[in-house]
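Enquirer: If you want the building blocks of each chain, they are given just below.
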Amino acid sequence: MPGVREQGLNRVITVHIRAFARFRELFGDRFDLKVESPATVRSVMHEIGRRNVQGISELLDHEGNVKKSVIIMVNRERISGETRDDHPVSGEDEVALYPPVAGG
Amino acid sequence: MFKDDYITLCRARISAFSGQVSGENRMLSERERERYLRQLPLFGDEGQEILRSSSVCVAGAGGLGSPVALYLAAAGVGHIRLLDPDRVDRSNLNRQILHTDPDIPRFKVDSAAEKLVRLNPDIRIEPMPIAIHEGNALLVADGMDLLVDALDSYPPRYLLNRVAFEKGIPLVHAAVSGFVGQLTTIIPGETPCLRCAIPHSPEGGSSPPVLGATAGILGTMEALEAIKVLLGMGDVAKNFLLVWDGMYGRLDQIPVERIPGCPVCGSRG
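Sequence lines, in order, name chains C and A. Numbering-wise (the working numbering), the first sequence opens with residue 9 and increments by one. Numbering-wise (the working numbering), the second sequence opens with residue 23 and increments by one.
The set of hints was computed from the structure by calculation and includes no laboratory data. Positions of the beta carbon are idealized from the N, C-alpha and C atoms, including for glycine. One or more hints might be untrue.
Over 12 Å on every C-beta distance to chain A, these chain C residues come out as not near it, computed from the model [as the list claims (entries may be wrong)]:
#1 R50
#2 G57
#3 S77
Taking lysine-lysine pairs in the BS3-like style, the calculated list, with each CA pair at most 27 Å apart, reads [stated by the list, open to error]:
#4 A:K250 - A:K137
#5 C:K75 - A:K260
#6 A:K260 - A:K250
#7 A:K189 - A:K250
#8 C:K76 - A:K250
#9 A:K189 - A:K137
Take the sequences, apply the hints, and build the full model.
Expert: Put into structure tokens, the structure is as follows:
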């Protein structure tokens, strides 16, 4: 299966991350991420958060949930609604994230 | 009906700031022809007359509202209704380019109206030193051809969004923070609404750091979108969120899809 390899007892997949705006600054523009399968939006976001201790507070809330305001796309489709964080992510998927802004 | 003394009061004050407005169905005057000489080739007398007969509500006279109002006034939009309850503060002046140090502590809409009429005395500026709220939202949008969101928080933005759909008026949204800004153009009946674009308002205070140039870029883009919507020209930022990242010089498009069952736009096609 493309993007999947065995690592010890766990299957590890590679996902492609694109970060916009403030998240580009915090986590990097585009990068590949290895996450354990089965992966979800939540597990991918936690893995991204590990890349930058300062950035994690802008991505996750105190309880470790992905902040509701963060816009997430998988393969260029918006993922929203109550089940957003449980949305499955497969090997070679592109996951993009954008934190909307508010000022005027 | 709505009771809002401030609106009544403001409407009475409008004449103090009104330019030399005349009938809407007349030909362009020689003075107008001279003023708009460099843009008339872009859309002709007919386009200029459409702009002159257009009414636009700019909600917010700050970082975004300043360039929006300046460029709409310069382009000859005939009636600009400007909303903002705040007074000019020195900490505004890094980005709110309609206001100057001697304007502290005037109402922003008064400070803005004075400059806009000086820029273009052939249009009408309607300053309203009020915040948009449930009780006045329909009224402030009354008679408008277009709404521009130059606000700095989401509760009034969502209210403006709802009113846009209730009255079928296009809405141009933008917001900024630091080096980053976002914009989308919402056409009731055609595009998803702001709730679908930004379902949950970002956390944080209402005073994020903002570089003046960032607000200038996004506000200018809003003015451009507004003019294109009024004239029906070109493509506007429909069905996506345009994201400008000034730190890295990037312009990205984030797709916007209607959220099933959206209470604002879900049943309006």
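Enquirer: All hints are to be evaluated individually against the structure, with a verdict given for each.
Expert: Right, here's what the structure says about each hint:
Its beta-carbon lying about 16 Å from the closest one in chain A, C:R50 satisfies the requirement of being farther than 12 Å from that chain. With a cut of 12 Å on Cβ distances, C:G57 stays outside the contact zone with chain A, its closest approach being about 16 Å. Some Cβ of chain A comes within 12 Å of the Cβ of C:S77; the nearest lies about 4 Å off, and the non-interface call is violated. At roughly 24 Å between alpha-carbon atoms, A:K250 and A:K137 fall within 27 Å of each other, so this suggested pair holds.
A hinted pair counts as satisfied when its Cα atoms are at most 27 Å apart, and C:K75 with A:K260 qualifies at roughly 26 Å. Between A:K260 and A:K250 the alpha-carbon distance is near 12 Å, which keeps this suggested pair within the 27 Å criterion. For the hint pairing A:K189 with A:K250, the CA-to-CA distance comes to about 20 Å; that is within 27 Å, so the pair holds. Between C:K76 and A:K250 the alpha-carbon distance is near 33 Å, which puts this suggested pair outside the 27 Å criterion.
A threshold of 27 Å between alpha carbons decides the hint, and for A:K189 with A:K137 the separation of about 30 Å lies outside it, so the pair is violated.
Going down the numbered hints, you'll see the structure goes against 3, 8 and 9, while the others check out.
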